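Q: Each chain, written out:
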Amino acid sequence: MLGNKAHNILKEYKKMAVEDYKGVFTFAEQVDHKITGVSFELIGKGKELAKDLGVDVTAVLIGYNVKDLADSLAEYGADHVIVVDDKELDVYRTEAYAQALAGVIDEYKPEIVLVGATPIGRDLGPTVSARVATGLTADCTKLDIGDFPLEAKEGVEQKHNQLLMTRPAFGGNTIATIACPDNRPQMATVRPGVMIKADIKKGAKADIIEFNPGIKVNNKFVEILNVVKAAKNTADIMDAKILVSGGRGVCSPENFKILSDLAEALGGTVSCSRAVVDSGWRPKDLQVGQTGKTVRPALYFAIGISGAIQHVAGMEDSDVIIAINKDETAPIFDVADYGIVGDLNKIVPELTKAIKEYKAAKI
Amino acid sequence: MKIVVCIKQVPDTKGGVVFNPDGTLNRAAMLTIMNPDDKAGLEAAIRLKEQYGGEVTAVTMGLPKADDVLREAMAMGADNGVLVTDRVLGGADTWATSTTIAGALRNLDFDLVITGRQAIDGDTAQVGPQIAEHLGIPVISYAEDIKVDGDYVIVKRQYDDRFHELKAKMPCLITALSELNEPRYMTPGGIFDAYDKEVKVWGRADLKDVLDENLGLKGSPTKIAKASDKVRKGAGEKVTLDPMESVNYIMSKLEEKHII
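Top line first, the protein sequences correspond to chains A and B.
Throughout, the working numbering is defined as the position within the first sequence, counted from one, plus 129.
Throughout, the working numbering is defined as the position within the second sequence, counted from one, plus 969.
Quick caveat, the hints were computed from the structure, so don't treat them as lab data.
Remember, predicted model here, so these are calculated numbers, not experimental data.
Take these hints with a grain of salt, some might be off.
Taking lysine-lysine and the DSS-like style, the derived pairs with C-alpha atoms no more than 27 Å apart in a straight line are [what the hints assert, rightly or not]:
1. A/482 <-> B/1192
2. B/1136 <-> A/413
3. A/413 <-> B/1116
4. B/1226 <-> A/485
5. B/1207 <-> A/358
6. A/271 <-> B/1187
7. B/1222 <-> A/370
8. B/1138 <-> A/482
9. A/370 <-> B/1226
10. A/386 <-> B/1207
11. A/485 <-> B/1187
12. B/1138 <-> A/216
13. A/345 <-> B/1187
14. B/1192 <-> A/180
15. A/345 <-> B/1226
16. B/1192 <-> A/386
17. A/151 <-> B/1125
18. A/282 <-> A/238
19. A/491 <-> B/1226
20. A/475 <-> B/1222
21. A/482 <-> B/1226
22. A/485 <-> B/1207
23. A/163 <-> B/1136
24. B/1116 <-> A/455
25. A/358 <-> B/1138
26. B/1192 <-> A/288
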């Protein structure tokens, strides 16, 4: 079996060459020839970091026959787009994509590489970081350029222009800021929905750099026997402006009807807590929280949700939070702008009626 | 079939978190559990053993008291336990941790390595894929289902809106989701036997093909600049009204915020 001696040697070499690494790179994740939302968010954040450092932001687009997607990355602010296009990269597989991204890093030596914390990015990121022998900070919610250590200390060299990566830990109970001072690139995965996309510049054309490190089929390749897409009958909760979210307090899958009625009256979407998914009442793609999705809608209704810290971590940045819960000690009231202690079964249907009447009267 | 399962003893974050006065985590004051994703991985390994025969070895890295989590694994049905513990390994980030565990695994003969997708204390999901990378074997993350077909595994790999059915040649590494199964309970006899068995304790000297400078805090590329208690936005208003008053209250707030 192969050892990791090569990595160790590489790491030693890189310790001496930190200053050779320049520029901010973002991974442009595409699935079925469609760029995922977080990829644009990464470019938005990457631009801010690049501005602080006085460098460019480059999107790395990996796939097969994907060059036509490059302009959309430029529209969201990518100064350059590196396209790695290869038949082996048609559908995501860890080893093929790791060869592509690690190949780009070895060739272009970026100081920062940002990857979306998606089920793809959270597999590709660690594999590539181990391969290029650098650190990776997972699921970041904040990225800044600054000094490490944060405060100057006598006898300790303070390094400037470091990527400071902030993330929740211990189930959202603490936040930690992490640096990667001696290795390059500084790598981070970033939770979807947390960073803000830059304003779109329609019609922008990408500065395309085509590069292929040569994807070599080896023992680490897996075979895809089947791709099974889940029937998607719901809107993506991360795009919703209004979310009506239900928890265990809704009491039954049938009772979610009163939530979907409210969502319909408001022009919103139904989401839920982990307890609801674990009980099989609603599918996983509607789950808000640490192990679900991070959302920041204009309005978040938390109905029958107690507000476990893991749930709060996924919705606390919503503009307005309204909670309805019969338990006045429920922790959801600690983050709600407006908390109503009461029976959701009595309040929610009446609220739906009131909203419908209000809207009808307005027309 | 020889299966190695990597497990971690973690603070039970659901039970609340206790801090020391200096802001660090007071691990001693918190209950510990076997990390849920790891437990699902262990259950999957035991089921494969029951179906195809073979041996399950549970490996953990941690403080000496992590012996408990290995006993639990053996009480569930693991045949062997290996505790990797050494002062020089402390403070490791995911890179140094995966380097350490890979160094331990090089001493073991295995067809399959199963880890949990992520641990509830760090939530990084990095150590599994990084071990595979250090060992030079294929990785399949986010497994919802595992089957064996001769020298191959067939795994249902979860994504947001789909799954891929993947086939990989062993040896390979799989990271398990807690959705994979419902882990069994320990049996009284199992608990009794578990404390009769020997847990191997390995230190730095037992790790194969790793360099000192890649271990522990010193060998970790990532460094903590600051750790703090999460600052949350404070509570807003809380009212207790009858249902119709509640509706009027919510309507007034929706109007005030220009939502309707």
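Q: Checking each numbered hint in turn, tell me which of them this model violates, lowest number first.
A: 1, 5, 8, 11, 13, 15, 16, 17, 18 and 24
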